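Position chain B relative to chain A; hints supplied.
Heads up: the protein sequence lines correspond to chains A and B, in order.
Mapping of the first sequence onto my numbering: position 155 corresponds to residue 155, and the numbering continues sequentially without gaps.
Mapping of the second sequence onto my numbering: position 266 corresponds to residue 266, and the numbering continues sequentially without gaps.
Keep in mind the hints are simulated off the structure, nothing from the lab.
All of these numbers come straight from a predicted model, not from anything done at the bench.
Treat the hints loosely; a few may be bogus.
Claimed, not checked - With beta-carbon atoms standing in for the labels, derived distance ranges:
#1 A:184 x B:211: 52 to 60 Å
#2 B:154 x A:183: 31 to 39 Å
#3 B:203 x A:10: 53 to 61 Å
#4 B:227 x A:135: 21 to 29 Å
What the hints assert, rightly or not - Pulled a few chain B residues facing chain A out of the computed Cβ check, cut under 7 Å:
#5 145
#6 153
#7 207
#8 327
#9 333
Claimed, not checked - Non-contacting residues of chain B with respect to chain A, defined by C-beta distances greater than 10 Å in every case (computed):
#10 42
#11 55
#12 99
#13 106
#14 147
#15 150
#16 166
#17 201
#18 203
#19 211
#20 240
#21 287
#22 320
#23 324
Glycine residues also receive a C-beta, built at the ideal position from the N, C-alpha and C atoms.
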Amino acid sequence: MKALFKHRELALAVLLVIGVAAIGGYQPAFLEWDNIGDVLTETSVLFMMALAQMAVILTRGIDLSVAANLALSGMIAALVSQYHPDTPLFLMILAGILSGLALGMINGALIAFLGIPPIVMTLGTLAVFRGMIILIAGGDQVNASEMGVAFQAFPKQVILGLTTPVWIAAGVSILFWIFLNSTRSGRGLYAVGGNPVAARYCGIDQRKQELIAYAISGAVAGLCGYLWVARYGVAYSEIANGYELTVIAACVIGGVSIGGGVGTVAGTLLGALFLGIVMTALPVLQISPFWQMAISGAVILAAVIINARAERRPDKLILPEARRLRRIRA
Amino acid sequence: MNAPVAQEDRYVVLDAPPRRLRDIILRWEVILIILLALTIVVNTIVSPYFLDVFNLADATFNFSEKAIIALAMALLILVREIDLSVAAIVALAAMSIGYAAEAGWGPLALFATGIGIGLCCGIFNGLVVTYFNLPSIVVTIGTMSLFRGLTQVILGDQAKTKYPAAFLELGQSYFIKMKETGIAWLFIPPVPLSFLIFLVLAVLFGLMLHKTAVGRQLFAIGSNPVAARFSGIPVDRRRFLLFAVSGILAGLAAALLTARLGSMRSNIAIGWELDIVTMVILGGVSIAGGVGSILGVVLAVLVLGLVTFGMSLNNIPGQVVSVYIGALLIAVIAIPRIVERVRLWRVR
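The shape of chain A in the complex, shown without the other chains:
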């Protein structure tokens, strides 16, 4: 049991399997392939957003502007589709990704080169991005009838039994896994967050790493913005309002340490899957959807408490409280 809990991802996976099996026992329809596909499709945006957020949190940062970035980039993609319907689909998607990337780079540049605290910077850009949606769209929303047909059809296409967003999420996850484990700048994210001073002595440029992290976060938010808008067939300023906290919650449940330097792709994906299952299982179990928030809140608290216990390492102490005080600064 103890060994099991040492491997956080394994413990979370076991919990998830037990949970899904229990739901399936009560309502077998939940385990049917169609439903599993639906759950994955619903969660695909959260998978990608959580991975991108993890890249930022690894550097001891936080990106509160992701949901606003998603909404703004989604709106830009939708406007391209509305006013230039002849544009090839991949260019429309690229418009979303590039706008997200640019917005993320603004965050990254100011955080890395001016040393503005990430929470302050992204809180500010959260408000700015949301308001920009109203400004660029003139206060209107873009409806399904105004978007191109191909634009909306793409996220609903089914390839080998799964929808395209699921395949995109899978591809992004593999890229993240390779990036974080096998590339210099990917390892650099862990180094910068784990021990900035040591990272500097190793010749790792902290500013460059931070810029990379926020740029990734922005680009992924842009991609998800397109997927969100195209899938739900509407773009307006309130899209994904408050979603940034769901994304951070997925990371926390997945064992990403808010103090930086700790987190894995597998853990984060499981954290996102957990929230995705909670969201989709409630209607199946005929529980009021109003329970969703309370459950995820309780799970977040349980996850951080368990993670904190697992992380505790014995060390020399002069004053017992001193160790307790060496906590991660929020």
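Quick look at chain B alone, frame taken from chain A:
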């Protein structure tokens, strides 16, 4: 990179440099006062309705509840903590007030209900943070979902709309009535209850933070929690206390908000936590801890409140206002850093 220090200079302790004009001008509060003056001047020129006592008094309704919570948030951020669950506490407390009002409780009992529920939530936050020794940003994201989730579970899609008239009166009318004295510029302005409470609390918090030992302890904790503990400051107890205070003020704000709106749903006060954090940061409280003043927070509250009010007088939609406020937040933090960079670069 540093110039080599000559041996004989090593133990020379310099006097504090004399205060220069620039040190006074570059103080955060002074920058905020200039911003506030600019806001008032620009708005007065743009709209003839801005400088009207009644309009201004009504404008305070819109930010006073948030501002009350911002006082507690300022202290939390000062000691390197944060409470993102305040808006959810407002929702839970407002719902309890709704049920209590249906049970026929009076105005005072309703305020006590709100404050009591808020206190319970704050104690819960404080216990989880200090007992399990967890980063408060994560804990309060969790309790934010938990508290608002509980509100949704209990209330569903219902609204609570039955409140005693005396309770609504407290939230919707001026607590201090307008009094003319015969001289045009000398009068007692109308003041809503929520703004009055904010001012009184601001004075109390200011005195506590800047004039008492506990206040100095908070600065010490914010600057270096470990050193503070070794100096005999009960760090965790202070942290716990601040979370409890944050809960109390959120409960109080819930009572004032419910009385003003006369109804509540489970999405009441949604997104307030970020507005409140913006007030505090614009007020010059450092997110890294140990720096800040209540005067700065009060000034920031007034700047934000009057900017929003002035823009709404000119029919600018709320989300466009938020562009300006977000940009203001970033600019105010970024400009001193850019100035510093340029100065260092020129010295080199």
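Hint-by-hint comparison with the structure:
1. The given range of 52 to 60 Å is respected by residue 184 of chain A and residue 211 of chain B, whose C-beta atoms sit roughly 53 Å from each other.
2. Taking 31 to 39 Å as the suggested C-beta distance range, the pair residue 154 of chain B and residue 183 of chain A does not conform, at roughly 49 Å.
3. Remark: the range hint 53 to 61 Å for residue 203 of chain B to residue 10 of chain A is upheld by a beta-carbon distance near 55 Å.
4. At about 48 Å, the CB distance of residue 227 of chain B to residue 135 of chain A disagrees with the hint of 21 to 29 Å.
5. The closest approach between the C-beta of residue 145 of chain B and any C-beta of chain A is roughly 3 Å, which is under the 7 Å cut-off, so the hint is satisfied.
6. Hint status for residue 153 of chain B: holds, given a least beta-carbon distance of 5 Å to chain A, under 7 Å.
7. Interface hint at residue 207 of chain B: violated, since its Cβ lies 27 Å from the closest Cβ of chain A, which is beyond the 7 Å cut-off.
8. Proximity of residue 327 of chain B to chain A holds as hinted, the smallest CB-CB distance being about 6 Å (cut-off 7 Å).
9. Among the interface hints, the one on residue 333 of chain B holds; its C-beta lies about 5 Å from the nearest C-beta in chain A, closer than the 7 Å criterion.
10. Residue-level check passed: residue 42 of chain B sits 19 Å from the nearest beta carbon of chain A, beyond 10 Å.
11. Chain A leaves residue 55 of chain B outside its interface by the beta-carbon criterion, the shortest separation being 24 Å against a cut-off of 10 Å.
12. For residue 99 of chain B, the shortest C-beta to C-beta distance to chain A comes to about 16 Å, beyond the 10 Å cut-off, and the non-interface label holds.
13. Annotated as non-interface, residue 106 of chain B keeps its C-beta farther than 10 Å from every C-beta of chain A; the closest such distance is 30 Å.
14. Separation of residue 147 of chain B from chain A is inadequate, the least Cβ-Cβ distance of about 7 Å not exceeding the 10 Å criterion.
15. The beta carbon of residue 150 of chain B sits about 5 Å from the closest Cβ of chain A, which is not more than 10 Å, so the claim that it is off the interface is violated.
16. Even its closest Cβ contact with chain A, about 32 Å, leaves residue 166 of chain B beyond 10 Å, as expected for a residue assigned away from the interface.
17. With a minimum CB-CB distance of about 24 Å to chain A, residue 201 of chain B clears the 10 Å threshold, and the non-interface call stands.
18. Every CB of chain A lies more than 10 Å from the CB of residue 203 of chain B, the least distance being 27 Å, so the non-interface label holds.
19. The Cβ of residue 211 of chain B lies farther than 10 Å from every Cβ of chain A, with a closest approach of about 27 Å, so its non-interface assignment holds.
20. For residue 240 of chain B, the shortest C-beta to C-beta distance to chain A comes to about 13 Å, beyond the 10 Å cut-off, and the non-interface label holds.
21. Residue placement check: residue 287 of chain B does not keep its beta carbon more than 10 Å from all beta carbons of chain A (closest about 4 Å).
22. Not every C-beta of chain A lies more than 10 Å from that of residue 320 of chain B, the closest at about 5 Å, which undercuts listing it as non-interface.
23. Look at residue 324 of chain B: its CB is around 8 Å from the nearest CB on chain A, not clear of 10 Å, so calling it non-interface is violated.
Violated hints for the displayed structure, listed by number in ascending order: 2, 4, 7, 14, 15, 21, 22, 23.
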